[in-house]
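**Student:** Sequence:
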Amino acid sequence: MLELRTLRERPDDVRAAIRAKQLFDAEPRLDELLSADAERRSLRRELEGLQAERNARSREIGERKRRGEDAADLMAGVADLAAEVKRGEERDRELAARVDALLLEIPNLPHPSVPYGEGPEQNVVVAEHGERRGGEGLRPHWELAEARGWIDFAAGTAVTGAGFPVFLGDGARLVRALTSFFLDRLVEEGFTEVAPPLLVNAESATATGQLPDKEGQMYQVADGFYLIPTSEVPVTNLHRGQILDEAALPLRYCAFTPCFRREAGSYGKDVRGLNRLHQFDKVEMVVLALPEESYDALEAMTAIAERMLVDLGLAFRRLLMCSGDMGFTQAKKYDLEVWSPGQARWLEVSSVSNMEAFQAARLETRCRPGGSQGQGKTRLVHTLNGSALAFPRTIAALLETHQTEGGEVVVPTVLRPYLGRDRLR
RNA sequence: GGAGGGUUGGCUGAGCGGUCGAAAGCGACGGUCUUGAAAACCGUAGACGGGGCAACCCGUCCGGGGGUUCGAAUCCCUCACCCUCCGCCA
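Note that the first sequence covers residues 52 to 476 in our numbering.
What the hints contain is simulated information worked out from the structure, not anything from laboratory work. Backbone N, C-alpha and C fix where the C-beta goes; we use that ideal spot for every residue, glycine too. Treat the hints with caution; some may be incorrect.
What the hints assert, rightly or not - Pair ranges (Cβ atoms, derived): (1) Val-176 x Gly-241: 27 to 35 Å; (2) Glu-187 x Asp-235: 33 to 41 Å; (3) Ala-206 x Lys-320: 38 to 46 Å; (4) Ala-152 x Gln-268: 13 to 21 Å; (5) Arg-190 x Ala-298: 52 to 60 Å; (6) Glu-254 x Arg-144: 30 to 38 Å; (7) Glu-179 x Glu-456: 21 to 29 Å; (8) Gln-268 x Asp-131: 34 to 42 Å; (9) Gly-427 x Glu-179: 27 to 35 Å; (10) Ala-354 x Glu-314: 27 to 35 Å; (11) Pro-342 x Glu-135: 39 to 47 Å.
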């Protein structure tokens with residue numbers, strides 16, 4: 052969420068952001084929020100005066116009683132005041148709850164460098180790397196994988212349902228090899244490896260922005276928990292409510308987890324093969340950074356993900372997302388898309404975003420020199436995350452790109468130590 | 001799943017319904033001393049919100065949320081979490 056102060060001081064910027072992000076439903080909420088907040092502030096000014104008066108009189112009663120004097124007259128006078136305070140506090144609670152709920156519906160402001168656009172077609176291709184493989188006889192990954200028994204889509208459907216493929220044999224080993232390759236690389240880069248919970252509570256999901264709006268995208272299980280749609284959620288929540296030492300920033304984490312998404316409403320070619328699943332694996336980077344350093348961190352994270360794609364021998368491009376395709380919580384976002392020769396289309400395998408202080412405000416993750424024992428003002432940290440990388444589409448592109456005429460797959464050099472062979476059979 | 005005990009400031013830990021935002025110790029910060037440091041001594045110190053040019057003033061916060069009361073860290077209800085014992089379990 053944005054800080055209330057931002058809405059008060061820059062309501063026009065917030066309104067512009069809502070429109071730029073094409074989230075027009077948020078505009079009436081902004082209006083309601085601003086008026087509720089104004090009402091609350093004037094109420095509070097009045098209420099705080101009453102509270103001060105009540106406190107003073109109660110203190111006087113206390114002092115008299117301690118001296119053994121009678122205070123019945125004072126107590127009678129304060130009763131009305133106390134009742135009025137109570138009414139005020141009730142109204143204040145209502146308004147606070149309203150403001151709080153509405154605040155969750157206001158999207159983050161796009162960074163000035165983000166281009167305006169109404170949808171995906173206006174994303175900007177920043178760079179393209181590698182040579183796209185093309186030609187006759189290149190098969191889509193589902194044909195390759197099913198022919199060799201690396202992936203059994205039908206079995207997954209039987210066990211659970213559509214969108215839950217089963218990896219077998221060299222397919223499963225490829226998953227394990229990628230896991231190690233990604234994590235080892237990120238640890239080399241200085242990230243701390245995390246194995247987080249795969250279920251989170253509503254507070255965590257709210258802090259990172261999955262709730263309340265995207266509730267339908269998560270699987271909810273018993274006891275009010277949600278299956279994580281990305282490890283961004285548990286990992287970003289690691290420092291909830293803390294005041295971090297600025298000298299310790301940036302904090303850089305990486306995590307391998309399965310991710311669970313309901314993906315309601317998807318259809319057609321999007322859901323073919325590994326293109327869109329309800330359960331998939333992903334290695335994620337999560338960074339908590341100083342505000343003045345967060346955009347350098349965004350570039351660095353994107354570069355790390357890109358280098359992995361280069362090492363896997365995949366052709367890819369980097370997109371700068373336009374305002375309308377960026378999503379609710381992000382200030383700036385890059386997508387990396389790999390070329391899928393078997394499908395002749397681009398597939399998103401990574402999304403790297405800077406949320407600035409949007410998540411930190413709800414997380415109450417702050418920093419200052421010296422940390423919780425430090426001096427001076429606290430500031431909200433900036434949070435970032437990025438995939439490095441999402442497995443299914445990486446695997447799809449990898450199988451299709453490195454396929455041979457005989458239906459085998461040449462294993463990229465960097466994965467050979469992990470797989471112990473140079474071909475998938 | 002059953003029974004009991006807890007949750008207080010960066011940490012440990014006191015706290016009778018009435019100057020308690022909260023003792024004390026540790027830690028932190030500033031200073032004295034020292035060539036420097038340590039020790040010792042003196043002092044300063046919470047977070048969040050509102051108001052004021054400012055010194056400063058006001059409000060809220062003792063796990064979360066409600067309640068009782070003129071007044072709640074202290075009493076009541078409720079939820080969450082932690083600990084101990086029993087049961088079950090990879």
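**Student:** Indicate, hint by hint, whether the structure satisfies it.
**Tutor:** The hints, checked one at a time:
no.	hint	verdict
1	Val-176 x Gly-241: 27 to 35 Å	30 Å, holds
2	Glu-187 x Asp-235: 33 to 41 Å	37 Å, holds
3	Ala-206 x Lys-320: 38 to 46 Å	22 Å, violated
4	Ala-152 x Gln-268: 13 to 21 Å	20 Å, holds
5	Arg-190 x Ala-298: 52 to 60 Å	53 Å, holds
6	Glu-254 x Arg-144: 30 to 38 Å	19 Å, violated
7	Glu-179 x Glu-456: 21 to 29 Å	27 Å, holds
8	Gln-268 x Asp-131: 34 to 42 Å	51 Å, violated
9	Gly-427 x Glu-179: 27 to 35 Å	46 Å, violated
10	Ala-354 x Glu-314: 27 to 35 Å	29 Å, holds
11	Pro-342 x Glu-135: 39 to 47 Å	42 Å, holds
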